[in-house]
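Protein chains in written order, with our numbering: chain A, 4 to 301; chain B, 4 to 301.
It should be emphasised that the hints constitute simulated quantities derived from the structure, not laboratory data.
Check the hints yourself; a few may be wrong.
It does not matter which identical chain is used: a pair holds within one copy or between any two.
[Claimed, not checked] Straight-line alpha carbon distances no greater than 25 Å define the calculated SDA-like cross-link-like pairs of lysine to any residue that follow: (1) Lys-253 <-> Met-174; (2) Lys-54 <-> Asp-12; (3) Lys-165 <-> Leu-67; (4) Lys-253 <-> Ala-62; (5) Lys-54 <-> Ser-14; (6) Lys-165 <-> Leu-291; (7) Lys-165 <-> Arg-131.
Number of protein chains: 2
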Amino acid sequence: MDKTLASLDWSLIQSFLAVADTGSLSGAARRLGASQPTLGRHIRTLENTLKVELFQRHARGFQLTPLGREMRGHAERMAEAMAGLSLVAAGGETRLEGDVRIATSVFMAHHVMPGIIAQMRQQEPDIRIDLVPSDSSENLLFREADIAVRMYRPEQLDMVTKHLGDISLGMFASRAYLDRKGAPRGAEDLHHHDVVGYDSNDDIIREMRAMGIPASREMFAVRCDNQSAYWELVRAGCGLGFCQTNIARKDPEMVEIPLAFPLPHLPVWLTTHEALRHSPRIARVWELLDVGLRPFVS
Amino acid sequence: MDKTLASLDWSLIQSFLAVADTGSLSGAARRLGASQPTLGRHIRTLENTLKVELFQRHARGFQLTPLGREMRGHAERMAEAMAGLSLVAAGGETRLEGDVRIATSVFMAHHVMPGIIAQMRQQEPDIRIDLVPSDSSENLLFREADIAVRMYRPEQLDMVTKHLGDISLGMFASRAYLDRKGAPRGAEDLHHHDVVGYDSNDDIIREMRAMGIPASREMFAVRCDNQSAYWELVRAGCGLGFCQTNIARKDPEMVEIPLAFPLPHLPVWLTTHEALRHSPRIARVWELLDVGLRPFVS
DNA sequence: GTTATGCTATTCATTATTGAATGGATAAAA
DNA sequence: TTTTATCCATTCAATAATGAATAGCATAAC
Chain A
4 MDKTLASLDW
14 SLIQSFLAVA
24 DTGSLSGAAR
34 RLGASQPTLG
44 RHIRTLENTL
54 KVELFQRHAR
64 GFQLTPLGRE
74 MRGHAERMAE
84 AMAGLSLVAA
94 GGETRLEGDV
104 RIATSVFMAH
114 HVMPGIIAQM
124 RQQEPDIRID
134 LVPSDSSENL
144 LFREADIAVR
154 MYRPEQLDMV
164 TKHLGDISLG
174 MFASRAYLDR
184 KGAPRGAEDL
194 HHHDVVGYDS
204 NDDIIREMRA
214 MGIPASREMF
224 AVRCDNQSAY
234 WELVRAGCGL
244 GFCQTNIARK
254 DPEMVEIPLA
264 FPLPHLPVWL
274 TTHEALRHSP
284 RIARVWELLD
294 VGLRPFVS
Chain B
4 MDKTLASLDW
14 SLIQSFLAVA
24 DTGSLSGAAR
34 RLGASQPTLG
44 RHIRTLENTL
54 KVELFQRHAR
64 GFQLTPLGRE
74 MRGHAERMAE
84 AMAGLSLVAA
94 GGETRLEGDV
104 RIATSVFMAH
114 HVMPGIIAQM
124 RQQEPDIRID
134 LVPSDSSENL
144 LFREADIAVR
154 MYRPEQLDMV
164 TKHLGDISLG
174 MFASRAYLDR
184 KGAPRGAEDL
194 HHHDVVGYDS
204 NDDIIREMRA
214 MGIPASREMF
224 AVRCDNQSAY
234 WELVRAGCGL
244 GFCQTNIARK
254 DPEMVEIPLA
264 FPLPHLPVWL
274 TTHEALRHSP
284 RIARVWELLD
294 VGLRPFVS
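Using the sequences provided together with the hints, build the complete structure.
Here it is as structure tokens:
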């Protein structure tokens, strides 16, 4: 085996990749939990050892040279292999303790998960939970999360999934709003009302059109992409809005608006990586999520 | 990104793979140029961080657990990516100095390369040469060599190759042997002579059979796989033997035995990895080998 | 122009890592 | 059995790597 290959410290490549990704020593340092001088030294050592120039030193940061760009691909392949390795390792943990990261939508994280997690903590005090609220999908391969609770069918490969059931949606308004504007009568009447909608997400519009109701972005008086904040807007009386019926019906201030047409249902999927499935603590949290979410997916 | 993934030092994986490959801390230490306690600590750190058991401690060394075996594949993928990276880096070196590893057959390394390398050193004193004599083929992907001089067409992918010409073979015997046994007359007469052959390598037998001459392993009085030692056996008068004519004819003690049938020719191929082709020092050594080998491939 | 911000390079005390040495344990060879 | 050769774990002095602090730049905003 070549001397260079054997003696070159792999952690230098780790640093190289971090600097290449973040574009600066400082950024890479933050990502790796190291300091900026350390990263600077790592890059210099790497360049000196390989006798090549990997970055152009710029006042605003480090920029890859063409050669560095060529090397980056290989470093990324190393990172992927490392991710796979780390996944196998996590799946091999045998004790019923440790951290479990649960990714789910902002809305669920706000309105559903706290109760479930509180119960989990009582039953499994040795399992610490990281809750990752996010409406963009996580990459479970890179362990951005261990278990994801999602409102759509996961499409990543090597995943174990379970469809827990469906969440029914309803249209709601606050009493204050209804006192002011009255309740809508039928689909056409919606045009005379304020509706709270999503901003960049066009789910509502597409669903309404699918129902045969003309809809456009302009019909929304107030828009918000964060679903928790969205719901607070509706509760504050900004207009009509949609919400999971199981949550909204518990709120005495909110009134459900009966609709002539049925709203779509949201499927609830539990997901984890195949390699993690046999880890006791992941399996346990999976089980508790399965049970805990049941009341919400009637 | 997961904390474990980001914070786990990749050099620990490097150590893990070395221990998995060699089966011992000491062996891994030798391979990595580190010490046995260091490797021991690395493995322990890795196991503690990932909270898994990777090896079974045995008195004779370390043995992978099933989980460790699963992880090994990923570690190997990392090593492959690392090899690719290191190759790109080596190809990106811009100076006409450094080390170049030349792999070639034991015989060539003994009888041909020294002169060529001596001349190289005069013309390019800043290029240091590692000569790797080996009759098994090198893996240029892992940079076991930078340039290989081979007697067969290389089959690895991503390789740059050049057919320099062919080497002609002849049958020779020492004067001492001929004085004792006389020269053979024709192919049938070979049975009354001692022939020095290869041991596990059956090239000679296959070639003779291809020529229509009945041959078997038993016809060899003395056998040796190392071709340099083989030739010394022939020179010492152990029997008839084959050799490159260009080399053998320079030896006043050796007499060529004229044969009625033609012997096969050996092709000479120069090989390097695609990624290294544009490195100035590799290109320079390639060029000098091309020129230097010319007299031998008439 | 001036200020604020974000970055890199350098220094130096601190900390963490390393390896030589040692002891103990096991398996193979004499 | 005794010897020999490996191997691993542990210890501790020496070494190497680290990060906080600082200074110096370049850019962007005012």
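Verification of the hints:
For the homomeric pair Lys-253 and Met-174, the shortest alpha-carbon distance inside one copy (14 Å) is at most 25 Å, but the shortest distance between copies (100 Å) is not. Proximity of Lys-54 and Asp-12 under a CA criterion of 25 Å is satisfied in both settings, with 15 Å inside one chain copy and 23 Å between copies. When the C-alpha separation of Lys-165 and Leu-67 is checked against a cutoff of 25 Å, the pair qualifies neither within a copy, at 43 Å, nor between copies, at 34 Å. With identical chains, the CA atoms of Lys-253 and Ala-62 are never at most 25 Å apart, being 56 Å at best within one copy and 65 Å at best between copies.
Both within a single protomer and between protomers do Lys-54 and Ser-14 lie at most 25 Å apart by alpha-carbon distance, with minima of 18 Å and 21 Å respectively. Proximity of Lys-165 and Leu-291 under a CA criterion of 25 Å is satisfied intra-copy only: 13 Å inside one chain copy versus 65 Å between copies. For the homomeric pair Lys-165 and Arg-131, the shortest alpha-carbon distance inside one copy (23 Å) is at most 25 Å, but the shortest distance between copies (61 Å) is not.
Hints 3, 4 from the list above are not met by this structure, while the remaining hints are.
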